[in-house]
Amino acid sequence: MNATKKRKPVSPKKRVVCFDILEDRCIWMKAGVINYRICDNAFDCGTCTFNKAIRQAMKIDPLVDSQTVAPKWVAHLVERYDGANRPCRHALTGRIDAPKICPHNYECYHCAFDQMLDEADLAADRGTPVCKEVAGFKVADAYYYHMGHSWARFEHGGRVRIGLDDFAACVFGGLSSIDLPPLGAGVQQDRVGWAFGRDDHRAAVLSPVTGTVLAVNHPAREHPQIVNQDPYGSGWLFIVEPEVPKRNLKRLYFGKESLQWMDQENRKLLGLMGPPYEGLAATGGSVVRDIFGTIADLSWDALASRFLHTTRKG
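Heads up, the sequence shown is in the numbering used here, so the first residue is 1 and it goes up one at a time.
Hints are computed from structural coordinates only; laboratory data are not their basis. Glycine is no exception: its CB is placed at the ideal position from the N, C-alpha and C atoms. Check before you lean on any hint, since a few could be wrong.
Derived CB-CB ranges, DEER-like [stated by the list, open to error]:
hint : residue 1 : residue 2 : range
1    : F50       : D199      : 22 to 32 Å
2    : R191      : R80       : 41 to 51 Å
3    : G293      : P103      : 47 to 57 Å
Work out the full structure, taking the sequences as your base and the hints as a guide.
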């Protein structure tokens with residue numbers, strides 16, 4: 001008897017793990033062109049090497065896809081599905097969980113629903129995600145984390161939502177200002193992307209990814225306390241369009257790796273706080289949401305240098 005061969009999971013360092021996607025099968029698989037493939041690029045077909053390879057194999061001119069000529073996978077979907085029961089491509093890729101019929105023959109470029117989804121994604125507040133805790137600090141599932149304590153959430157189409165993680169929100173406490181990059185500005189991974197302040201103190205934050213800013217969270221900018229209260233949900237800061245999503249992954253923590261890293265950061269913090277606190281490393285429990293404002297003799301600049309990996313700004 002032949003044993004069933006198990007498919008090995010793709011490493012999150014090689015595959016973009018997309019947040020809140022119910023269906024992760026490649027659109028070429030959905031179209032019936034290939035037997036099996038899981039999307040590893042957050043449905044950002046424009047930067048997908050597999051999409052490029054299959055188009056070359058099918059001898060598809062790279063200039064074919066436009067607003068007047070549909071992508072070639074459209075022909076396969078049209079052939080596979082009957083017109084009266086033709087599912088929306090966003091239902092096929094798991095972007096929406098409701099059954100929806102496509103009324104436009106997969107000509108998405110003039111579909112009001114397609115445009116509405118893009119606009120809704122830019123402004124979406126999907127609530128606080130499921131989180132694990134490390135020494136009392138929350139770590140959101142399916143988020144990537146940068147060494148400078150920012151997070152990156154890859155969403156459908158490859159866009160990346162960015163914010164400050166719970167560790168930084170607790171360490172620096174009640175912020176009084178947040179300076180975000182303007183729309184259209186470029187941010188670069190490991191370079192200063194934005195800054196925040198508390199009274200006379202200022203700190204710069206490194207960007208977790210490289211890309212162009214598409215949207216900013218105005219409520220969080222105008223009311224910085226939102227970031228402290230809900231850093232992974234309504235406290236998100238801005239959204240970028242990355243040049244190539246996968247190129248950002250090597251410098252980010254994900255899954256178990258992010259939990260281990262957070263534990264190491266907590267131990268560093270306790271070391272800065274002094275001997276009375278070093279023994280608390282393994283106790284867990286709730287943490288103070290304003291460590292800088294609560295623990296005496298903590299240096300703002302030392303905290304920024306150690307955990308944000310930036311020097312004083314402003």
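Open item on the list: Of all the hints numbered above, which does this structure not satisfy? Sort the numbers upward.
Closed with: As far as the earlier hints go, only 1 is violated by this structure.
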